[in-house]
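K.L.:
Residues per chain are reported as follows:
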Amino acid sequence: MQIDIDHLAMLSRLALTPEEKVKFSAQLGDIIGYIEKLKEVNVDGVEPTAHATPIFNVLQADDPRPGLSVEDALRNAPVQRDHMVVVPRVVE
Amino acid sequence: MTTPLHFQTVTELSAALAAGSLTSVALTEAFIARTHAVEARVQAFNSYDTDDALAQARASDARRAAGQALGPLDGIPVGMKDVIAVRDQPLTASSKILAGFVSPYDATVTTKLRAAGVVLWGRLNMDEFAMGSSTENSSTKVTANPYDLSRIPGGSSGGSAAALAAGEAPATLGSDTGGSIRQPAALCGVVGLKPTYGLISRYGLIAYASSLDQIGPFGRTVEDVALLLQAIAGHDERDSTSFKAVIPDYRAALTAPRTHPWRIGIPKEYFGDGLDPEVSAAVQGAIAYYKSLGAEIREVSLPHTPYALAAYYIIATAEASSNLARFDGVRYGHRSAEADNLHALYFKSRAEGFGSEVKRRIILGTYVLSSGYYDAYYGRAQKVRTLIREDFIKAYGEVDVILTPTAPTPAFKRGEKSDDPLAMYLADIYTIGVNLAGLPAISIPCGFTTAGLPIGLQLIGQPFAEADLLAAAYAYDATHDWAKRTPNL
Numbered sequence: 265m266q267i268d269i270d271h272l273a274m275l276s277r278l279a280l281t282p283e284e285k286v287k288f289s290a291q292l293g294d295i296i297g298y299i300e301k302l303k304e305v306n307v308d309g310v311e312p313t314a315h316a317t318p319i320f321n322v323l324q325a326d327d328p329r330p331g332l333s334v335e336d337a338l339r340n341a342p343v344q345r346d347h348m349v350v351v352p353r354v355v356e
Numbered sequence: 115m116t117t118p119l120h121f122q123t124v125t126e127l128s129a130a131l132a133a134g135s136l137t138s139v140a141l142t143e144a145f146i147a148r149t150h151a152v153e154a155r156v157q158a159f160n161s162y163d164t165d166d167a168l169a170q171a172r173a174s175d176a177r178r179a180a181g182q183a184l185g186p187l188d189g190i191p192v193g194m195k196d197v198i199a200v201r202d203q204p205l206t207a208s209s210k211i212l213a214g215f216v217s218p219y220d221a222t223v224t225t226k227l228r229a230a231g232v233v234l235w236g237r238l239n240m241d242e243f244a245m246g247s248s249t250e251n252s253s254t255k256v257t258a259n260p261y262d263l264s265r266i267p268g269g270s271s272g273g274s275a276a277a278l279a280a281g282e283a284p285a286t287l288g289s290d291t292g293g294s295i296r297q298p299a300a301l302c303g304v305v306g307l308k309p310t311y312g313l314i315s316r317y318g319l320i321a322y323a324s325s326l327d328q329i330g331p332f333g334r335t336v337e338d339v340a341l342l343l344q345a346i347a348g349h350d351e352r353d354s355t356s357f358k359a360v361i362p363d364y365r366a367a368l369t370a371p372r373t374h375p376w377r378i379g380i381p382k383e384y385f386g387d388g389l390d391p392e393v394s395a396a397v398q399g400a401i402a403y404y405k406s407l408g409a410e411i412r413e414v415s416l417p418h419t420p421y422a423l424a425a426y427y428i429i430a431t432a433e434a435s436s437n438l439a440r441f442d443g444v445r446y447g448h449r450s451a452e453a454d455n456l457h458a459l460y461f462k463s464r465a466e467g468f469g470s471e472v473k474r475r476i477i478l479g480t481y482v483l484s485s486g487y488y489d490a491y492y493g494r495a496q497k498v499r500t501l502i503r504e505d506f507i508k509a510y511g512e513v514d515v516i517l518t519p520t521a522p523t524p525a526f527k528r529g530e531k532s533d534d535p536l537a538m539y540l541a542d543i544y545t546i547g548v549n550l551a552g553l554p555a556i557s558i559p560c561g562f563t564t565a566g567l568p569i570g571l572q573l574i575g576q577p578f579a580e581a582d583l584l585a586a587a588y589a590y591d592a593t594h595d596w597a598k599r600t601p602n603l
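Keeping their order, the protein sequence lines are chains A and B.
Note that our numbering has the first sequence beginning at 265, numbered continuously upward.
Note that our numbering has the second sequence beginning at 115, numbered continuously upward.
Read the hints as simulated data drawn from the structure, not as lab findings.
This structure is a prediction, so every number in the text was calculated from the model and none was measured.
Accuracy of the hints is not assured; some may be wrong.
Result set (EDC-like, lysine to aspartate or glutamate): computed pairs, CA atoms no more than 16 Å apart in a straight line [to be verified]: (1) B/K462 <-> B/E452; (2) B/K462 <-> A/D294; (3) A/K303 <-> B/D489; (4) B/K531 <-> A/D270; (5) B/K473 <-> A/E284; (6) B/K473 <-> A/E283.
Covered by chain B, according to a simulated footprint, are these stretches of chain A (three or more residues, beta-carbon under 8 Å) [to be verified]: (7) 268 to 278; (8) 320 to 333; (9) 342 to 354.
Yeah, the Cβ is synthetic: ideal placement off N, Cα and C, and Gly gets one too.
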C-alpha cells in the first residue's frame with residue numbers, strides 16, 4: 265500500500281522530518297494493509313453507527329448563562345495582550 | 115496481621131472514617147507517605163499537590179465533626195488520570211503539547227467527586243492522549259508494573275492502575291476508548307470498569323475518540339468500584355451524548371436476590387490463537403467457579419469479532435484527527451518559538467508538541483477521512499460497527515453477561531512492542547468490541563501466572579445494566595482473595 269505522506273502531513277498540519285516520513289510511511293502501510301480486511305465484510309443494506317447510545321437531536325433552550333471568565337479562558341494562552349490572543353501577522 | 119491503610123479497600127476505609135477511628139487527614143498523610151516511599155520505582159503520577167490534598171482532607175474532617183459527612187466517599191483520596199480536568203491543577207494528557215497547562219474548570223466527574231467529599235489526589239500518567247496500551251507513549255515518564263518493575267502496567271490508564279496496585283491511592287479514575295481501563299486493571303491485578311457509553315459525562319475529559327471514550331473507576335474490589343460509579347454516574351446537559359438513565363443503588367444491587375441463575379455466554383472467538391495458556395487456564399477456572407454457583411454456561415458466537423480491531427483503528431483515528439486539530443499553538447498549549455507566520459506556527463507547534471504515536475494516528479485518521487477514501491474506510495467501518503453491536507445484542511437474547519479474558523497475555527516487558535504499532539494494537543483485541551458496541555464491561559482479577567503476574571477476566575454486560583454486571587462480578591470477586599495480594603515494592 266503506497267501512501268502520499270507529504271499530502272497527508274499537509275492535511276494533518278504536521279511538519280515531519282525526513283526520518284519520520286520514511287518510518288510513518290512504512291508503518292502506515294502495514295496498518296492500512298491490516299484494515300483492508302474490512303473489505304471482506306458484506307455491508308450491503310447495513311446502517312452505519314455513529315455512536316452506540318440511542319440519543320438523537322439533543323436541544324436546549326438558547327438562554328444566556330455564565331461561562332468561563334475572560335481571565336480563565338485566556339489563562340493558558342501562549343501570548344496575550346488586552347484580552348486577546350497574539351498570533352503572527354496574518355494580513356499585510 | 116492488620117492490612118496497612120494504603121492496601122485497605124475504600125469500603126474498609128470508609129467504615130473506619132465513619133466510626134471515628136480514622137481521620138481523612140491521617141488517611142491522606144498515609145497515602146502521601148506511601149507515595150513518597152514507592153513512587154521513585156513506580157512512576158505513576160505526572161503531578162500531585164500534597165498541600166491541596168491535605169486542605170481537602172481537613173475540610174472533610176471538619177464536615178464529619180459537624181455531623182455533615184457527605185456519604186461513603188467523604189474523606190477518601192481518589193487519583194485522577196491526567197486527562198480529566200481539575201480546576202487550578204495541571205492537565206497534560208502526558209503530552210508535551212499541554213506542558214504547563216492549568217485547568218480553568220472542573221470536569222463533571224470532578225464536580226461530582228467533590229460533591230461526594232472525595233479528596234482529589236494527583237494526576238496519573240497515561241499514554242499520550244490515551245493512545246496506547248502500555249503507557250510507554252507518555253511524554254513525561256515510564257510507569258512500571260508494581261508486580262514486576264521491568265514490565266509495563268498496561269495502558270492507556272497505566273498510572274491509574276499502577277498507583278492503585280502500589281498502594282499510592284485507594285481508588286482512581288481512568289478513561290477507556292478501546293480497553294484503556296480494563297487492560298491495565300487486568301495487568302496490575304485490580305478491578306476496572308468501563309461503563310456504558312453515555313452513563314458518565316465526558317465534559318472535562320480531553321477527547322481522543324468521542325464516540326468511544328468513557329470515564330470509569332478503578333478499585334481493589336467490585337464493591338469499591340460500585341461506590342465510585344454511584345458518585346460519578348448520571349445525566350449531564352453539558353455532554354450531549356449523556357443518557358438520561360435511571361441510576362440504581364449499585365452497592366445494594368451486589369447482593370440483591372436473583373430470580374434465576376446467571377446465564378453466562380462464552381464467545382468462542384475470544385478463546386482462539388494468541389491467548390496465553392496461563393491466562394486461558396485462569397479464566398477457565400473462573401468459568402468453572404461460576405458453574406459451581408449454579409450458573410448456566412453457554413457458548414455464544416460474536417462472528418464479526420475478527421473485524422473489530424480494524425474498525426476500531428479507522429473510527430478512533432478518524433475522530434482523533436478531528437479532535438486533535440484544536441491543538442494548534444494559538445489559544446493554549448505549546449507554541450513553537452520557530453514560527454514567523456501562522457502556517458508555520460500550526461505545523462511546527464504540532465510537530466514539536468505531539469509524540470510519534472499521536473502523529474501516526476492523526477495521519478491515519480486523516481487518510482481514512484480524506485477525499486476518495488471516506489466511503490471505503492470510515493463509512494464501511496461504521497457499518498461494521500453496527501454488525502459488531504448486533505452480534506452482542508443477539509447474544510444477549512440468551513445470556514445475561516458475556517465472559518472473556520481481558521487481555522491475551524500478562525504484562526509484557528518494557529520496549530517489547532514499542533517499535534511495532536500493529537503488535538501493540540493486538541493487546542486490545544478482547545476489549546475494543548465493547549467500545550464499538552457501547553457496552554459496559556469490567557475486568558476483575560482471576561489469578562496470577564507462575565511468574566507472579568496478575569491475570570484478569572472480563573465480564574461484558576447489557577447497555578445501562580451496570581447493576582447486573584457488577585453483581586455478576588461480585589459473585590466471583592467477593593469469594594476470591596486475589597485483591598488481598600499485594601506487590602513487593
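K.L.:
Next step is simple, just say for each hint if it's right about the structure.
P.N.:
Hints, one by one, checked against the model:
Of the pairs offered as hints, the one joining B/K462 and B/E452 holds, with about 7 Å between alpha carbons and a cut-off of 16 Å not exceeded. Our distance criterion of 16 Å between C-alpha atoms is broken by B/K462 and A/D294, whose separation comes to about 27 Å. The straight-line distance between the Cα atoms of A/K303 and B/D489 is roughly 11 Å, inside the 16 Å bound, and the hint therefore holds. This hinted pair does not check out: B/K531 and A/D270 have alpha carbons roughly 27 Å apart, beyond 16 Å.
Distance hint between B/K473 and A/E284 is fulfilled; the C-alpha atoms sit about 10 Å from each other, no more than 16 Å. Taken as a hint, the B/K473 and A/E283 pair is honoured in the structure, with Cα atoms around 13 Å apart against an allowance of 16 Å. Counting residues of the region 268 to 278 of chain A whose CB lies closer than 8 Å to any CB of chain B gives 7, so the stated coverage by that chain holds, three being the minimum. Residue count for the region 320 to 333 of chain A with a Cβ under 8 Å from a Cβ of chain B: 3. That meets the three needed, and the coverage hint holds.
Under the rule that three or more residues need a Cβ within less than 8 Å of chain B, the assignment of the region 342 to 354 of chain A holds, with 7 such residues.
Checked against the numbered hints above, the structure breaks hints 2 and 4 and satisfies the rest.
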